[in-house]
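> Listed below, chain by chain, are the residues.
2 protein chains.
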Amino acid sequence: MNLSTLKPNTSDITSETLEHINGYWRAANYLSVGQIYLRDNPLLKRPLKKEDIKLMRLGHWGTTPGQNFIYVHLNRIIKKYDLDMVYVSGPGHGGPALVGNTYLEGSYTEIYPEITQDENGLKKLFKQFSFPGGIPSHVSPECPGSFHEGGELGYSLAHSFGAVFDNPNLIAACVVGDGEAETGALAASWHSNKFLNPETDGVVLPILHLNGYKIANPSLLARIPHEELIKLMEGYGWKPYVVEGDEPMQMHRDMSFALDNAMADIKKIKNYTTQEDSQVPRWPMIILKSPKGWTGPKFIDGKPVENHFRSHQVPLSDPIDNDEDFKQLEKWLQSYQIGELFDKNGTLKKVYKELAPQGSRRMGMNPNTNGGLLLKDLLLPDVQDFALPVKSHGDNGPGDTRSVGAFLKEVINLNSKQQNFRLFGPDEILSNRLNEVFDATNRQWNAQTDPNDEFLAPQGRAMEILSEHLCEGWLEGYLLTGRHGLFTSYEAFIHIIDSMFNQHAKWLKVTAELPWRRQLASLNILLASHVWRQDHNGFTHQDPGFIDHVVNKKASIIRVYLPPDANCLLLTMKHCLKSKHYVNVMVAGKHPSPQWLPYDQAILHCSKGIGVWDWASNDQEDQTDIVMACAGDVPTLETLAAVSILRKELPELRIRVINIVDLMKLQSETAHPHGLSDSDFDALFTKDKPVIFAFHAYPWLIHRLTYKRTNHHNFHVHGYQEEGTITTPFDMTVLNKLDRYHLVQDVLKHIPRSESKNDYLQEKMKDMLIKHRNYIEEHGVDMPDVKDWKWDI
Amino acid sequence: MNLSTLKPNTSDITSETLEHINGYWRAANYLSVGQIYLRDNPLLKRPLKKEDIKLMRLGHWGTTPGQNFIYVHLNRIIKKYDLDMVYVSGPGHGGPALVGNTYLEGSYTEIYPEITQDENGLKKLFKQFSFPGGIPSHVSPECPGSFHEGGELGYSLAHSFGAVFDNPNLIAACVVGDGEAETGALAASWHSNKFLNPETDGVVLPILHLNGYKIANPSLLARIPHEELIKLMEGYGWKPYVVEGDEPMQMHRDMSFALDNAMADIKKIKNYTTQEDSQVPRWPMIILKSPKGWTGPKFIDGKPVENHFRSHQVPLSDPIDNDEDFKQLEKWLQSYQIGELFDKNGTLKKVYKELAPQGSRRMGMNPNTNGGLLLKDLLLPDVQDFALPVKSHGDNGPGDTRSVGAFLKEVINLNSKQQNFRLFGPDEILSNRLNEVFDATNRQWNAQTDPNDEFLAPQGRAMEILSEHLCEGWLEGYLLTGRHGLFTSYEAFIHIIDSMFNQHAKWLKVTAELPWRRQLASLNILLASHVWRQDHNGFTHQDPGFIDHVVNKKASIIRVYLPPDANCLLLTMKHCLKSKHYVNVMVAGKHPSPQWLPYDQAILHCSKGIGVWDWASNDQEDQTDIVMACAGDVPTLETLAAVSILRKELPELRIRVINIVDLMKLQSETAHPHGLSDSDFDALFTKDKPVIFAFHAYPWLIHRLTYKRTNHHNFHVHGYQEEGTITTPFDMTVLNKLDRYHLVQDVLKHIPRSESKNDYLQEKMKDMLIKHRNYIEEHGVDMPDVKDWKWDI
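Protein sequences, first through last, are from chains E and R. In terms of the numbering used here, the first sequence opens at residue -15 and continues consecutively. In terms of the numbering used here, the second sequence opens at residue -15 and continues consecutively.
In short, the hints are calculated from the structure, not lab data. Glycine included, every Cβ here is placed at the ideal spot set by N, Cα and C. Be careful, since some hints might not be right.
What the hints assert, rightly or not - Quick list of in silico lysine-lysine cross-link-like pairs, DSSO-like style, CA-CA up to 30 Å: (1) R/K755 <-> E/K750; (2) R/K692 <-> E/K750; (3) R/K33 <-> R/K223; (4) E/K493 <-> R/K755; (5) E/K538 <-> R/K178; (6) E/K538 <-> R/K721; (7) E/K287 <-> R/K178; (8) R/K360 <-> R/K558; (9) R/K771 <-> E/K538; (10) R/K223 <-> E/K538; (11) R/K733 <-> E/K538; (12) R/K750 <-> E/K692; (13) R/K311 <-> R/K63; (14) E/K733 <-> R/K671; (15) R/K178 <-> E/K223; (16) E/K721 <-> R/K223; (17) R/K771 <-> E/K33; (18) R/K493 <-> E/K755; (19) R/K755 <-> E/K771; (20) E/K733 <-> R/K538; (21) R/K721 <-> E/K493; (22) E/K108 <-> R/K721; (23) E/K538 <-> R/K750; (24) E/K34 <-> E/K282; (25) R/K558 <-> R/K673.
Stated by the list, open to error - Listed next, the stretches of chain E that the computed footprint assigns to chain R, with coverage defined by at least 3 CB atoms under 8 Å from CB atoms of chain R: (26) 206 to 218; (27) 489 to 497; (28) 717 to 731.
Model the full structure from these sequences, guided by the hints.
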């Protein structure tokens, strides 16, 4: 439905409805306990036996009853207002809640028909949970209605915002766990409300679920004065409703009231906007304070368990060998009186079933949670329109990312109707020289503005906040719900989201194995402002190791590109924006730099991903003395400069120049889908000639990727060696021995030539390095002749 | 001084003092502009010439004048109240401010005598800034008084808290930049106040410095309603004072007033506590709203620059080639009227000099900012007292980290007078089974408590919050100011602080190269709850890649240990706690597991870091058929189980078993200080025999470390291959082919034996794998015989 025409009504809830809600909640709670403990006797039709209990009991009870409570209440408002709503479980450890609720509403059986709505299905549902060959204990990809696993904590709210951008009638109900609320990413995420456009985006309804405890500690927000918590949420710009207690019927009433009020607020805000009221809206949120392990055992061995951290995982730890535990478990299971809720076949009774929404209104079947169902391909312009003319190999270009800016501008224009592409960056879109995108769009910003602001507007395709966590989290949420995007960041600081990348890569890996899950658009990351050009910043801003981190994940998911110039970058970018279900990492420069390949040559080179640059080589087949390989823009320049020196000084030396755009070509075909076969690799790199390899990042990565290759022992890799400071661009390569002079020196070490000639050239290189040092320490800038290098085409 | 006896007085500031403060500020601002632009003519004794200007102008002006303003006002209160204060520059890009101020107060010249307090010194000071061979543009290790670089943003407040723990009379004045305030780590850091003990810890005085803009965007907190910002800070538990404006004299007055009031509040809180008032204190903080690029050019080319993001870096970008820029720069420099401030020799006049504190009260000379000066060695117990008795190799142990818990308890007891050791963890100290530490101490917690809480107290050695960022940031601050600590975390989620580790490792690398900087205690990280035992959590909790990340940093700084059992872990832990200026990463298990080495053997093994386990081997020197290598507790178990199978089934096969504790032994001695020589390595691993290597983490790391070794092509490494879910512990090894059966299969592939025997054993291994699969899918637990493995000693 259209959220601006909501008709909230807070007076229509009867005691009977509340009783039904409570019954539904009891059913969900029972299913949760059943999943954790039982492998048989799912309806307790006979007295509980020890054989009914799983030998290994895994899972998290503590958060589960509260999430069951939230779920049934969200069901109520979905039905009442015909809402398009998704459920994001921040405390995703509470898998039993989501599995149980999607079972009760029928989604689970629709997706997994063997889990039938009867006793037999219940038995399977229980047994499979946290069981080898079964399903994980968390709200994992296997769980219908999930697009956020919550195994690692902190990203629920950012994912929720990502989900509702450009989804004006979607509500993401986001349960924030009180443990999670202590994380950095979550603490920053509350501010996302300043980036939401009430008219063109949907709604995030945060439910801060304060159970009071984490694994073994109280949680912070449960232990600050009430008025401080309210101020905190108001300070973050939200309008909080508090629902607090442990008496179920009163809590049902209070929660219903709070949700109806929240709906009224949402309607008001949605209508404000259409009236062009400029006030920053104060969206509603709910603070739900309910006992951890609610309705579970109150005491075990005399120690409090309900409303205590002891209920975090599996409260009765030993029901097979400990009789007291066994008795308490039986009593606990019986306490839900499921005979009233399920019929004798084990099917939920109609009066309860009717509480759940139907079809795709069920949160377990909402298509936004299986984003590939909704994914529309991006309309992409012809790269040729943006290609730089290259008349000589080495023509100066204005900065490779600038061309991408022009390309992305057109991507934004072409998809302005689809509204399914956004750009994310930590205040670095301009710094990374994507300036032209602001000819087509603005940064979306719903906080205060000033007449001198630039490119800020209530609606825009660019999302900027100085938080890599939020950029990544928003983008992930946007992708997971079936849209496209690009994250640009400084190379060094992308490590801030290493762990988020891990979780997303894991999500992609598992969803790719589930037939009912559809492919998503790839997570595209452009790392500009890279290690070699941190002129203003120095050592702290130098770390090219993100790609080391990335290649640890499944080869079927990850792709790494190092385009040497603008035309190759453009082609790579288009390729990545078209691709599905990968994480694509592109590394590129933003500073003026040499351009190597005209458009037609770039196409050929990028389609192969790796290749010999004949125009720079002077070897013949089978008559190569040395291979000079390079990957990355700066290493390519230094390699070509070194080759020029060598060809001038040692014209008889037969050199083969290889450039690598697609890094995974280096790995063997059995290790990565892009990998070259051994014979192709040998044909390129020879079986026995020295390979001097100039690499953008840490040199060991090349060894790691190529260690199985025939000629690997002849690879000599130059890369970043963690040496750097504020200095000139060329000096950065010198400090790390990636510069042309060191490359030439390394070549001389590995070729058998006339000694006198080698000695002479070694000396000359040494002299050049001294000349360089003296020059920069006097002038503070590089010698003019190290900036470019040209070859006729 | 003792902060509880502070005598705040807010009425004593005269107009004359304010004028002097303003003069000092002008001097600092002038020095900042001078550093960015000038290489000559530092006192403007002659008209500015283009040759006076640096060819490359790098740095960040925007934040600088505001920080100069803060610095002189902090100087005032340091003198007035005789404070022990350090300055933490969150917006650390503003290097010119800190360099300039430490120069004005004399610290800079004391540390770098060549930068004299005269015209010649000024010239050098200016030229060296952001100049090849000079100093970085940020508040880097080279800058006196800095222990927080601020190159990457977000950690200033956490570092400040770490600095004042157990430093009851230290005040960390922490300038939080408005860009930084958007980061996740910083957003969570405000809550650190709940962990501060007013009696035994010092004070953090945050100064939220709202310049209004980041690189190219307004900052969020500058664009929310005033009352929202106040609520936010109050919600975080702080008492905010606002200083806002751009008229210098009024701002000086307001800032003085705010700081005097803050001092009064601090005194009050310090005294409350001694009266055992249980109220959670509301510490003061300051919100300083001043224009970005204050006192710089107001407009350039008709566009606003002061109070705009355009002042972020170098506002007049082209003063050499653009005459208008040149004129404006000259005017700008002259506007500070330095003739009034410096005498004709270029020395700051006495009336201004007297505003700065003396000796170690100067923030540039505070010994807390060069923590090694204050570092006292930890008193460490004898490991033997905690060693587990091991009668057979493979005796069952209660969980390796449990022994460390007992050891750490004693570390805490022994150092209870020194109060210079703390334990940090994201609510995982108990989960990681370090339970015994709570016999000696509590978790420090100054928020509300409940009678059912456990191990919470206003003072304690354990710091727990569910934020890896805060744990790491606090610990870094604690170490940087000369104390010791340990961070324990789940292995997978330590990636959350990848980027923080980077920055700390870079800090260690650079400080090690500065003779005046003293060595710090190592940053010790214990990764328990590792990839192989995530029984309750599954795939999202599996990532052993932190050590891949770590080994990218300088070899002189990083150490990685994989102790196979409790006794080795104890010895490793003691070794790490004694060490200086490293990052030590230890990976260990928390679950009951086999113990391999009695104490005396463990000493020998750990002192070598790598060695043959003779008791498990049956080869003779030069008569080895195969090497079975292992690193990590689970791989060690699987290797020994595989060896047992092989020795039973193929008794004639001569096997050598090697265990690695110190991973960096594998690298060559030229690459890492711990590296084995090639001859030692060859003696261990042979030059030509197959090596079946069972490794804790991603297998490629072993290839990366050993690729230069003679026998590398014979290495076959088994490790984590990104396969996992909720399943049994043994099945995790099977899914990743690290289990005994797969290891035996791999051995069979690489040894030339009678084919029939090999085939028989291959089949047997296949059968075992099928038997395993069937067993776990029926019972949900592992077959009983895969848990342990014993050998007589």
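> Please go over all the hints and tell whether each is borne out by the structure.
Comparing the hints with the structure gives:
{"no.": "1", "hint": "R/K755 <-> E/K750", "in the structure": "violated (66 Å)"}
{"no.": "2", "hint": "R/K692 <-> E/K750", "in the structure": "holds (27 Å)"}
{"no.": "3", "hint": "R/K33 <-> R/K223", "in the structure": "violated (50 Å)"}
{"no.": "4", "hint": "E/K493 <-> R/K755", "in the structure": "holds (28 Å)"}
{"no.": "5", "hint": "E/K538 <-> R/K178", "in the structure": "violated (41 Å)"}
{"no.": "6", "hint": "E/K538 <-> R/K721", "in the structure": "holds (15 Å)"}
{"no.": "7", "hint": "E/K287 <-> R/K178", "in the structure": "holds (27 Å)"}
{"no.": "8", "hint": "R/K360 <-> R/K558", "in the structure": "holds (16 Å)"}
{"no.": "9", "hint": "R/K771 <-> E/K538", "in the structure": "holds (29 Å)"}
{"no.": "10", "hint": "R/K223 <-> E/K538", "in the structure": "violated (49 Å)"}
{"no.": "11", "hint": "R/K733 <-> E/K538", "in the structure": "holds (25 Å)"}
{"no.": "12", "hint": "R/K750 <-> E/K692", "in the structure": "holds (27 Å)"}
{"no.": "13", "hint": "R/K311 <-> R/K63", "in the structure": "violated (39 Å)"}
{"no.": "14", "hint": "E/K733 <-> R/K671", "in the structure": "holds (26 Å)"}
{"no.": "15", "hint": "R/K178 <-> E/K223", "in the structure": "holds (24 Å)"}
{"no.": "16", "hint": "E/K721 <-> R/K223", "in the structure": "violated (53 Å)"}
{"no.": "17", "hint": "R/K771 <-> E/K33", "in the structure": "holds (27 Å)"}
{"no.": "18", "hint": "R/K493 <-> E/K755", "in the structure": "holds (28 Å)"}
{"no.": "19", "hint": "R/K755 <-> E/K771", "in the structure": "violated (65 Å)"}
{"no.": "20", "hint": "E/K733 <-> R/K538", "in the structure": "holds (25 Å)"}
{"no.": "21", "hint": "R/K721 <-> E/K493", "in the structure": "holds (18 Å)"}
{"no.": "22", "hint": "E/K108 <-> R/K721", "in the structure": "holds (29 Å)"}
{"no.": "23", "hint": "E/K538 <-> R/K750", "in the structure": "holds (25 Å)"}
{"no.": "24", "hint": "E/K34 <-> E/K282", "in the structure": "holds (22 Å)"}
{"no.": "25", "hint": "R/K558 <-> R/K673", "in the structure": "violated (36 Å)"}
{"no.": "26", "hint": "206 to 218", "in the structure": "holds (count 10)"}
{"no.": "27", "hint": "489 to 497", "in the structure": "holds (count 3)"}
{"no.": "28", "hint": "717 to 731", "in the structure": "violated (count 0)"}
Violated hints for the displayed structure, listed by number in ascending order: 1, 3, 5, 10, 13, 16, 19, 25 and 28.
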